[in-house]
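The sequence shown begins at 1 in UniProt numbering and counts up by one.
Keeping only pairs whose Cα atoms sit at most 20 Å apart, straight-line, the calculated EDC-like set for lysine to aspartate or glutamate is:
1) K484 / E427
2) K299 / E217
3) K210 / E258
4) K233 / E245
5) K453 / E422
6) K383 / D410
7) K426 / D443
8) K383 / E281
9) K453 / E427
10) K383 / E326
11) K484 / E428
12) K453 / E428
13) K219 / E229
14) K373 / D361
15) K221 / E298
16) K383 / D276
17) K368 / E379
18) K482 / E428
19) K304 / E201
Calculated directly from the structure, the hints in this document are not laboratory data.
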Amino acid sequence: MATAAVIGLPAGKRLLTTPFCPSDLSEKFFSPDHGSGQFSAAAFARNFIVAKKTPELGQSTAHCQMQTRAIKALEEYVGAFSALSQQSSVSHKEDDRNAELPLEALLLLQKSLLEKQWNLSLDQPFSLETARKQPGVVRSGVSARQRRTSTRKRGSNQGVVVGALRKRKQPAAAVSPELLQNRPRGYIRGAISDGLLTHAEVVSLSEKIKAGIFLEEHKSKLEQRLGCEPTDKQLASSLRMSSSELHSRMIESSLARERLAMSNVRLVLSIAQKYDSMGAELDDLVQGGLIGLLRGIEKFDSSKGCRISTYVYWWIRQGVSRALVENSRILRLPSHLHGRLFSIRSAKTRLQERGIAPSIDKIAESMKMSTKKVRNAVEAVSKVLSLDREAFPSQDGLSGDTLHSYVADDHAENNPWSGVQEWSLKEEVNKLLCATLSQRERDIVRLYYGLEKDSQTWEDISRQFGLSRERVRQVGLLALEKLKQEARRRGLETMLAQQ
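Work the whole structure out from these sequences, hints included.
Okay, here's the thing in structure tokens:
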């Protein structure tokens with residue numbers, strides 16, 4: 001008769017139940033190698049854990065008794081299991097050694113399974129017929145340890161096969177491993193190439209760079225022909241090569257350019273440091289030198305017989321000079337103006353050697369250039385200073401007078417007092433006009449001298465008043481004489497001198 005296995009829970013919690021059948025234990029402990037199929041569920045039903053719900057006892061006492069009975073039942077079950085395993089066939093002895101577990105491990109395993117999974121109820125009736133109706137679990141016939149071992153072996157074999165396939169699929173025109181190995185990783189953390197390249201290495205790298213330049217030029221020509229950017233397949237087909245070979249050549253060209261540039265970075269630094277104290281930052285000078293270096297590498301021809309350092313020196317120097325010109329001043333000057341200034345300095349030196357004062361006219365005459373161009377070039381290089389800068393920095397840290405307090409402004413319109421004086425002068429003139437002249441004389445004087453609007457000619461004024469030009473002129477001159485006499489009488493001779 002089938003029974004139910006019960007797990008005691010702490011007080012206040014209900015019992016969890018689940019259907020149980022003897023085949024569950026057979027699948028947990030028997031494998032096909034040990035002949036577990038020879039025993040039916042009724043043969044070892046007596047080894048199940050038997051417990052009854054006792055209301056007189058507490059839940060803790062029942063829990064201890066059930067654990068004791070479970071351990072005893074498991075010991076009997078394992079004893080029967082070990083006795084049966086000795087009668088197995090000789091052909092399965094090797095698999096039995098790998099599948100056997102110690103008695104203590106089996107007990108701990110069964111206890112944990114009972115505590116976590118087999119939560120059954122005593123109130124639920126159980127019979128052998130219902131146990132037979134339960135769906136069986138299909139087993140693989142191999143223990144967990146054997147499955148893990150076989151999985152590891154298959155993984156290692158697959159890794160070997162994949163590595164062999166990758167080696168077979170590698171294209172013939174692959175990127176050179178030397179370039180990938182020696183590829184620099186940055187400019188800052190000591191990535192400058194330590195060793196110098198030999199002439200043979202320079203020639204090899206130069207040829208790869210030339211091949212990359214040819215591919216770029218061919219791509220630009222093909223783009224002009226098609227009217228759009230060509231794809232990699234179109235470019236490869238036009239060059240009669242495969243796409244993989246095209247990619248490998250482009251990568252090799254890029255790596256060769258990078259390696260050749262990194263081997264000459266020290267030369268760029270040495271040239272840039274010579275221009276460090278001329279007003280530009282060292283980083284800007286190095287950047288300009290690197291641009292010149294890349295340009296020189298592209299133009300280098302190894303068939304000429306010169307060293308690459310000798311050839312790229314002038315390109316680096318040109319790049320550094322341009323960076324100095326563009327970054328040394330607050331107001332950037334164009335390159336042609338710097339060339340003109342260099343010529344002016346040379347002409348000035350020649351005139352001084354001959355004992356002639358180097359004036360702007362003399363310099364323009366010696367250079368066969370207009371005086372205006374020479375003056376504009378000389379005025380463009382004047383030093384730029386801020387008027388808010390302190391004229392005399394104090395040692396106590398207090399702010400002193402700025403340059404704005406010492407620099408004179410030649411433009412009168414920037415002086416606020418000049419505006420006040422002009423306004424007061426207009427007021428005095430208006431008072432004098434109103435006190436001395438008639439309305440027609442005042443209008444003619446204002447129109448002719450432009451006191452309120454733009455000045456007009458006698459011809460324009462004559463049309464407005466309907467008089468002849470000569471008559472208007474006579475009225476204007478007579479009005480001006482009246483004003484002079486009144487100004488002398490009032491002591492306004494300064495106003496007459498300004499007029």
